[in-house]
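Q: Using the sequences provided together with the hints, build the complete structure.
Protein chains in written order, with my numbering: chain D, 1402 to 1794; chain E, 1402 to 1794; chain W, 1402 to 1794; chain V, 1402 to 1794.
Keep in mind the hints are simulated off the structure, nothing from the lab. Source: prediction; values computed, not measured. Errors might be hidden in some of the hints.
Which copy is meant is left open, because identical chains are indistinguishable; a pair holds if it fits in one copy or across any two.
[What the hints assert, rightly or not] In silico SDA-like pairs for lysine to any residue, Cα to Cα no more than 25 Å straight-line:
| # | residue 1 | residue 2 |
| --- | --- | --- |
| 1 | LYS1688 | GLY1571 |
| 2 | LYS1688 | ILE1614 |
| 3 | LYS1542 | ASP1642 |
| 4 | LYS1542 | ALA1486 |
| 5 | LYS1688 | ARG1612 |
| 6 | LYS1688 | GLY1660 |
| 7 | LYS1688 | TRP1564 |
| 8 | LYS1433 | LYS1542 |
| 9 | LYS1688 | SER1567 |
| 10 | LYS1688 | ARG1572 |
| 11 | LYS1433 | ALA1458 |
| 12 | LYS1688 | ASP1615 |
| 13 | LYS1433 | SER1744 |
| 14 | LYS1433 | ILE1775 |
| 15 | LYS1688 | GLN1768 |
| 16 | LYS1433 | HIS1746 |
| 17 | LYS1688 | ARG1604 |
| 18 | LYS1688 | VAL1570 |
| 19 | LYS1688 | ALA1715 |
| 20 | LYS1688 | PRO1481 |
| 21 | LYS1433 | GLY1456 |
| 22 | LYS1542 | THR1514 |
| 23 | LYS1688 | GLU1569 |
Protein chains: 4
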Amino acid sequence: LGLGVGFIGSGWMARSHAHALHSINHLAPLEKTAELVAIAGRRADQVAGVARELGFARWTTDWRQVVADPEVEVVADLAPNDVHAGPILAALELGKPVLCEKPLGRDAQEARTMLDAARTAGVTHACAFNYRFVPAIRLAKEVVGSGRLGRIRHFRAAYLQDWAGSPEVGRNWRFERSRSGSGAVGDYSHIVDLMRYLAGEPRAVTAEVERFIDHRPDPGGSGQPLPVDVDDAYAAVLRLDGALATLEGSRCATGWKGGQLMEVNGSEGSLRWNMEDLNRLHVFTRKDEEEGLGGFRDVLVTEPGHPFLERWWAPGHILGWDATFVHQWRAFLQAVLENRPVSDHQASFQDGYRAAVVCDAILASAQQGSRIEIRFEEGGSPQAGRKREGGLR
Amino acid sequence: LGLGVGFIGSGWMARSHAHALHSINHLAPLEKTAELVAIAGRRADQVAGVARELGFARWTTDWRQVVADPEVEVVADLAPNDVHAGPILAALELGKPVLCEKPLGRDAQEARTMLDAARTAGVTHACAFNYRFVPAIRLAKEVVGSGRLGRIRHFRAAYLQDWAGSPEVGRNWRFERSRSGSGAVGDYSHIVDLMRYLAGEPRAVTAEVERFIDHRPDPGGSGQPLPVDVDDAYAAVLRLDGALATLEGSRCATGWKGGQLMEVNGSEGSLRWNMEDLNRLHVFTRKDEEEGLGGFRDVLVTEPGHPFLERWWAPGHILGWDATFVHQWRAFLQAVLENRPVSDHQASFQDGYRAAVVCDAILASAQQGSRIEIRFEEGGSPQAGRKREGGLR
Amino acid sequence: LGLGVGFIGSGWMARSHAHALHSINHLAPLEKTAELVAIAGRRADQVAGVARELGFARWTTDWRQVVADPEVEVVADLAPNDVHAGPILAALELGKPVLCEKPLGRDAQEARTMLDAARTAGVTHACAFNYRFVPAIRLAKEVVGSGRLGRIRHFRAAYLQDWAGSPEVGRNWRFERSRSGSGAVGDYSHIVDLMRYLAGEPRAVTAEVERFIDHRPDPGGSGQPLPVDVDDAYAAVLRLDGALATLEGSRCATGWKGGQLMEVNGSEGSLRWNMEDLNRLHVFTRKDEEEGLGGFRDVLVTEPGHPFLERWWAPGHILGWDATFVHQWRAFLQAVLENRPVSDHQASFQDGYRAAVVCDAILASAQQGSRIEIRFEEGGSPQAGRKREGGLR
Amino acid sequence: LGLGVGFIGSGWMARSHAHALHSINHLAPLEKTAELVAIAGRRADQVAGVARELGFARWTTDWRQVVADPEVEVVADLAPNDVHAGPILAALELGKPVLCEKPLGRDAQEARTMLDAARTAGVTHACAFNYRFVPAIRLAKEVVGSGRLGRIRHFRAAYLQDWAGSPEVGRNWRFERSRSGSGAVGDYSHIVDLMRYLAGEPRAVTAEVERFIDHRPDPGGSGQPLPVDVDDAYAAVLRLDGALATLEGSRCATGWKGGQLMEVNGSEGSLRWNMEDLNRLHVFTRKDEEEGLGGFRDVLVTEPGHPFLERWWAPGHILGWDATFVHQWRAFLQAVLENRPVSDHQASFQDGYRAAVVCDAILASAQQGSRIEIRFEEGGSPQAGRKREGGLR
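A: Right, dumping it as structure tokens:
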């Protein structure tokens, strides 16, 4: 007796999510097996192959069919940003639990609509900020929560890649504001979420954005360069309660492939992490200095007692990026099966909305050249019924 | 129409191998789907749960049933070392292709028997030296093969862990010579295989072994300490044609969890790799020095053109240790489906035998206190029919 | 026949500068020997000992005596920031060449006064931004200059320390605005200078500053906590011509001791450096990627052909932080001996002034909550007569 | 009133040693100033310039003049290995304290002669194993001494460089056995000394040596290639009391410039260090694991309480390789001024002799192809009168 899952989107994100569902079924099964029922993609030729490969029972080029499919009990939206609100609102209308890739909407307003609909529907909802499910990040959260770092003073994160650095990279949807909402700002909103998760809510932001390449080749092959109207990079400074945060994102940071660097400095200790060394957390405590042996500890987060590790491999055998999807889906499906909100370790649509508010504020600050107050206006009492997980995870 | 696979062994290695088969089926399917037919484990209570979790159709506590199962077309032996020869010889007797965990046998003689049987059977055989399937290692092999490093002068590798460092670790089968053959020497024979794969055949070895803890608690709970009769650590120096190699393995290297460090120095360049940073290869070439900018390049092996990467994630998103099993099984199953030997990038029983010869020589050198010549006496013309892969992989 | 040098200031900076002069005299002598004539410090008991230890002929508690000393031909001001303008202006009045520690003045106005006086005096002047004299930084400058990185798109730097993180650290002059001008902003103006040196002039800045600890113990021992009126940390985003820069400085970044991290990303390549690994420059070029072996090269800048290295040790033997003072003084003294401005690789008072302008803009932006245009108004034709060095340095 | 020092040797080692003496005089003066009296070098044209630059009062091409010079009270031998025994024995004959570069003699027999003479003379003697004076190494010694690591189980060190990797490197004295004694074995005997200092005495060794390039150009310019009769590389495994050690040295390890890597694993903790990151010590303790945060701490050894640091720079400002010479000379001169043996933290001629015994055993083992027992036969009661330093250093 399975739980039917439908996918909107058939690109490499769909592969990652499907891999997670199969892994759960075979390595850490839940009370119900996740059944890959239907998948929607834009191009019939491509989606058919993907469906076969990933093990979906059926495919379509019309996402409405997936949402409406009676065997689809849960909808996951892994499509480009302009195909988030439509399917999600339709699924919520039908009372189906939803998991949506980040950014939730193309801007805060769209995200707010989705959040409101999710609350109205009263079903489980999650925004796929998967880095919360990196064992090293969960351990970081535990360290912060333990008070070992004292009061947080600095949060800094940079998400650096270089895939858009060449002017020969085609003008796909990620370079069109109408489809993506923004460029680096929204695409790297993972670090906005990590800031909120680890260091707290931002109160104000001041920022700059930059576009290095104004036109790019038409991927349709017209030979005409097409205009780019989103940012390639941004840098922001945020004020939190008693702390200062810096965020930077760039698609044109030559040499970086998966450079998601994150650091927290507290009054008593610090943390450091980089996605390219996914399983490692660096932890400093002032207490260690008393004996003349202070220094960041390089903790390889693969020990049996570490978050998420109990069903994986032996110590020292690292997990891949894909493991975060396994952890994320398992937590989400558990909430679905228990018919409750996701735990406060998992990003909900509220978190998706709040990240969008911050992203909008970054863009507004850059445009206005001034500090912008950040206000979350999602109303309600969003935490009601939310599970506070006991123990370590 | 699937290909039936049977597992001997139901521990964490079985999990790793099963995960690989499911991943292949769903991410990079072959012409036939791998069917997980039957699994054998020692304890009925444990193996039943594992079978259910991993998706096996049936389970047993008698490996003979798995081997004899008519739906099992391929046998994978993932059991302790003393349960390698028995099942493998039985499977070969029935003409079934076999994949066996390392070390192939408990000593060279046992491994030789298995190699001979495999040749007689004329079926596909592989020894699970999975690190050959790390993208960074395959890239290393390509770099060596390209001549970019010039003549190899040094190979050095150390496999360092600390799981056995405490005297409270129980005396399981890995500490009994009759069951394991040896301690660190055989368990870490991965680095013997990497040396042969990347730097060539050893001609002579001189070595020392060490045991730090002589008795360990009875895991059966008798309260009586039981004697340990294998090595905890070893260090060896080997002579290759024109090169010097050092190998070291320890289960008592405090602080190391998965420290498999490997380096090659050639007359024109060098390579460096460490399992704890699995996806990274460090590459130095003297040519880079000409412009005053010589230095090891830290290559993140996650680009589309890199070995094995085409069906995985986007650049910068790292693979886990488990990905090596996916690559290994895919290569093995392809050979099975084509009814041919594994390619010369994959370890066969011949490679398993040769590693065992080197391990035996390490132990003999340590005992005799003298240099030991290494002689492979497997006879035959082992490469006949072996596929030399074209292109990069 | 020597060149008489006088020091204003007798703290640890005086030790660093004196060490440099002795090293030059004994390892890389100039046409004239630097003679350590006189040193001024606040406390008679302390300065007497320092003078003896460092080899000064005489000492005083009145800086005017040093400036006026007829045997003092060059004045170096290494005192707290509020004792910069006084001695420097007096020395310039007497036509003596001057080297002044950073920040040049407590604000741009004070720095401007010093710059104007230096121009009027027509003598050699230098601001001690010593990191320009790190071999790895000079190599970075050469790489940028060679065009190998293409167009600069990102500059990011952070100067992170934790010495002020504890509230028990006393309220010394660095915490008083009237004496220091600012806190982290001015103290870490090294990174402002490195940005200008490596990436170009900033056009606008938007920033935040933060103070974590408002009162600190009276170092005089009154037992009364004294107020702090400077920043402990700041973060700034700057717009350069076509590039985005981020600067961050903190005295409260727990765990960091000498974390001066700097990175440049260009359209064709990148550079990375950290003071804690002083002799190492990481260099990436897109060209290296063509062969599938792209990655940051970790260049140990100790080769004979590297900047400044010819009179030091053999390759692989690293230089200390103090070596930057040797290089800095040697360049400055050569300019003095040739009676010319310092080369464009060395910071002059103009550079000191410009850094002060940027620092003031950072503070103003934080206060106003808006983007501030940066305008240098030093007038004149400052580069006139400036030596453009040939070759590599 | 100074203490007259004479140098035998005028190459880059002489520069390093002279720099140390000047630094002591000016930064951390002793009760008597070190006077650089006389220096001997082979080539008149070269030594005259060096003498002037380094500040020696006089120079000569005949080392006997330096030794006999009545103003030379201490003799430092920094010449090639074949010019160690002669000057040292002559100096001891005159009752002058001596500091000799490593290796002490070309073999154990020569070293023994020098040790015997030193004992007979009853003066202070030191062998310049300067790495004992790296702050991070001294801290390592303290950590080992504190028992924090438990019982030592592994010591591993490799000294890797690539300066001799090209066949175009000329056949200088380092490639002639009659002048150097050996190649990599003796030249990198630093790691033999570090093993003895940190992990204890070796009891037996088994080793291999290798020569990659048999002929090299005549540096005299004859155009005839000259034969090389020493090793380019070696690898050795040593048995200590209850521990296993591996040593490796190579001049042909392409890509390495100053790769002196050292690691100690004990039953309770571990240490790691690399000369290329001179000021950093990595420290692991099992105790840190109890809280799930085990990992090597990266200790930047620049804090005020760290060994040797009190007279240097502020935290985070790294020391260069040359600082080890300052510490070494200061300790040696203090012993000379107190007319006592060097402390047990400094290598004496006994340590020089013992290192030579180990080097000879490495060469013998490689030649014989068997394990060699290591026996120190220096007789006497060498520690008599040796100062055991209190406190941290």
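Q: Going back to the hint list, which numbers does this structure go against?
A: Per hint list: 4, 8, 14, 15, 17, 20 and 22 violated.
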